[in-house]
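*Asks:* Required output: the full structure, derived from the provided sequences and hints.
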Amino acid sequence: MIALSERLPPRHELFLVLAACIFPIHFWISIVLLYKFPSLILKANLWQIMGVFAYTFAFTLIESLLIFGSLVMIAIIFPTKFFRARFVHRGTLIAISIAVSALIINFWVLAENKWIISIIAISFLLLLIYLSQRPKESKLMNSFAERLTVISIIFIFTDMLSVFYIILRQFI
Amino acid sequence: MKPKLSRREFIYLISAAALASAAPTNILSLPESQFESGSNEGPNVLILLFDTLSARHMSLHGYQRQTTPNIDKFANRAFVYHNHFASGNFTSPSTASTLTGVYPWTHRALNLSGTVSEQFIEKNLFSFFAESHFTTAYTHNPFASIFLNQFRDHIDELFPMDTLGLGGNVYAEGLFPSDFPTAFWSEITLRGTDQPIPGSLLASIFEKLMQKIRPVRPDYREMYPEGIPFTYKGIYFVLEEAIDWILDQLITLPQSFLAYYHLWPPHLPYTPRADFINKFNDGKYWPEKPLHALTGDTSGLELHEQRQKYDEYIAFVDSEIGRLLDNMERAGILDNTMVILTSDHGELFERGMLGHLNSTLYQNLIHIPLLISIPNQQIRKDIYSKTSCIDLLPTILQFTGNKIPHGIEGQVLPGFNSNEEQIDRSIFAMESKLNSKMGSLKKLTLAMMKDQYKLIHYRGYGEEIGEELYDIKNDPEELNNLYSTKKFIAEDMMYELTRKIKSVNSQEQISHSNS
Chain L
319 MIALSERLPP
329 RHELFLVLAA
339 CIFPIHFWIS
349 IVLLYKFPSL
359 ILKANLWQIM
369 GVFAYTFAFT
379 LIESLLIFGS
389 LVMIAIIFPT
399 KFFRARFVHR
409 GTLIAISIAV
419 SALIINFWVL
429 AENKWIISII
439 AISFLLLLIY
449 LSQRPKESKL
459 MNSFAERLTV
469 ISIIFIFTDM
479 LSVFYIILRQ
489 FI
Chain G
4 MKPKLSRREF
14 IYLISAAALA
24 SAAPTNILSL
34 PESQFESGSN
44 EGPNVLILLF
54 DTLSARHMSL
64 HGYQRQTTPN
74 IDKFANRAFV
84 YHNHFASGNF
94 TSPSTASTLT
104 GVYPWTHRAL
114 NLSGTVSEQF
124 IEKNLFSFFA
134 ESHFTTAYTH
144 NPFASIFLNQ
154 FRDHIDELFP
164 MDTLGLGGNV
174 YAEGLFPSDF
184 PTAFWSEITL
194 RGTDQPIPGS
204 LLASIFEKLM
214 QKIRPVRPDY
224 REMYPEGIPF
234 TYKGIYFVLE
244 EAIDWILDQL
254 ITLPQSFLAY
264 YHLWPPHLPY
274 TPRADFINKF
284 NDGKYWPEKP
294 LHALTGDTSG
304 LELHEQRQKY
314 DEYIAFVDSE
324 IGRLLDNMER
334 AGILDNTMVI
344 LTSDHGELFE
354 RGMLGHLNST
364 LYQNLIHIPL
374 LISIPNQQIR
384 KDIYSKTSCI
394 DLLPTILQFT
404 GNKIPHGIEG
414 QVLPGFNSNE
424 EQIDRSIFAM
434 ESKLNSKMGS
444 LKKLTLAMMK
454 DQYKLIHYRG
464 YGEEIGEELY
474 DIKNDPEELN
484 NLYSTKKFIA
494 EDMMYELTRK
504 IKSVNSQEQI
514 SHSNS
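Chains as they are written, first to last, in our numbering: chain L, 319 to 490; chain G, 4 to 518.
Errors might be hidden in some of the hints.
[What the hints assert, rightly or not] Result set (SDA-like, lysine to any residue): computed pairs, CA atoms no more than 20 angstroms apart in a straight line:
1) G/476 - G/406
2) G/211 - G/165
3) G/453 - G/470
4) G/446 - L/358
5) G/211 - L/384
6) G/503 - G/515
7) G/503 - G/488
8) G/211 - L/464
9) G/446 - G/462
10) G/211 - L/358
11) G/211 - L/391
12) G/445 - G/462
13) G/211 - L/429
14) L/432 - G/208
Derived by calculation from the structure, the hints in this document are not laboratory data.
*Replies:* Dropping the structure here:
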């Protein structure tokens, strides 16, 4: 157990990466919920709308935790030099990349002009390579992750309320 | 020594035999209930609802293609309603009407994936039969599933949607059955079922991958070269399995039962089995109709091709219905079962529109089939009076000897009620998915059928979309708008229709409906 805790990244780094995992996925679901809101208010009452928000946020929390858990596992399993040494930099980069890639794939499936999505995907890939290859950018990624924490704390709080509200809904 | 019959006994026997031979005719001439109220020995009731089956595409109702030979055969022992109408042009309003016996403005399932008002959770097909029948239900359709889950306390055996699925699932149904509508709305938000991009970025990709790699029986791929049928981005299924499952259910269900099976075909995607593909490659064309501002701009050629596929799919569905009915007959189920064959709405292949999710109410969208066969019925009875899907519930209640509760807007169908006054009543169908469940109806299309005429009124769409009046008896294709030529009739019907809208929009009515 001692060995395992030693292999874990420091707590403040874990929190920064967690924030980076939570932010993009929650930000996206917030946009989708805003998009869906007009159709929801036609058929649902306030408690049901709150329910829809709660279920979707709770699910998004699970998705975020799955990504975060995977990153922590990588940090534990792989050699320190490979990942754990620059956990915030690489973790944040991977978390953001996963979310953006998923978004690109989803748009790709739908898009009629796939070349526009292709250009966006290639640009994103180039940016990713640039950011991952230059150690100087570590600082940039760290400060980006720190800024995300404020919003992510709000999201985590919302997720907690959501889970509580879902449990409550099963009994009322 | 055998006892000899006396002359009196012989006369009794002859009279009894004569009565027995006349029994089927007597059943038809005795439309009122044959069963005592509150009795536990009523007939079984089987409702087979095939989604999106337009009566206008059935050879039973004079369609040019032989799409429904098996249903035509079944009609020889059934009441056939030739002018039966859905109360809406998509699943939610019309299915809710069938299950509650009231129009959408009363049950308030107006929107896509809408729910019925609280009061109908205790006042529906299943609650009315909870005491006298074993009730069971299944649907492929997620929108219909919302209602079944709302009524689940009164359904003895409710099967989840994935019961007949080859893969895919509606997870909310299994995980949060007691909170189904809300959990389902969340699920479709996460899966992106009714919006361009899914709310869940990762799970949606995982789901797409799973669909690609999911093993499907190789013979199914051969049977369905145009793709395995699926429901609303959710569940893959094969109709043959569904029909076999229904037959198994019917054989094993406790007596007396009320079974409601709402199957997806012939809803989009039109994927007929291989032996039905190109069955109707006959070069037939239907009259070109002017584009409507509320439909779309699908080309005539595309509409023609899709119509052919839809017809082929109907022919396939019909063959499976025939198989089910033949097996039911062999198993003796028809001897003690009231069998109802119907749909929730139709499909449109005209005026630039493909499908049914639009704001019009043309005949192809709302004219649906209704066939009712009562136990041991041997003759056909054709009924041409205009009827509505809201009439089904009171008819079943009356036939099974149950009381028709107060508040039901439907009437007992002709053929089951000696009171023929209902024949001249107005029948309504509406499309109002852009209105609030809790508020007044501001933007809607309302069709009113009276005598041989049909008035279509567009409210809240602006002046450029004018009213339409058709003589649906002499012009069933709705080619000639008579609104400006038959002014007297148009004004008379418009007066009645406007009064109806005013009455359903009154505050008392809205609060009563939402109570």
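*Asks:* Take the hints in turn and mark each one as holding or not.
*Replies:* Hint check results:
no.	hint	verdict
1	G/476 - G/406	violated (35 angstroms)
2	G/211 - G/165	holds (18 angstroms)
3	G/453 - G/470	holds (16 angstroms)
4	G/446 - L/358	holds (17 angstroms)
5	G/211 - L/384	holds (19 angstroms)
6	G/503 - G/515	holds (16 angstroms)
7	G/503 - G/488	violated (24 angstroms)
8	G/211 - L/464	violated (34 angstroms)
9	G/446 - G/462	holds (5 angstroms)
10	G/211 - L/358	violated (26 angstroms)
11	G/211 - L/391	violated (26 angstroms)
12	G/445 - G/462	holds (7 angstroms)
13	G/211 - L/429	holds (16 angstroms)
14	L/432 - G/208	holds (17 angstroms)
The structure shown violates the earlier hints numbered 1, 7, 8, 10, 11.
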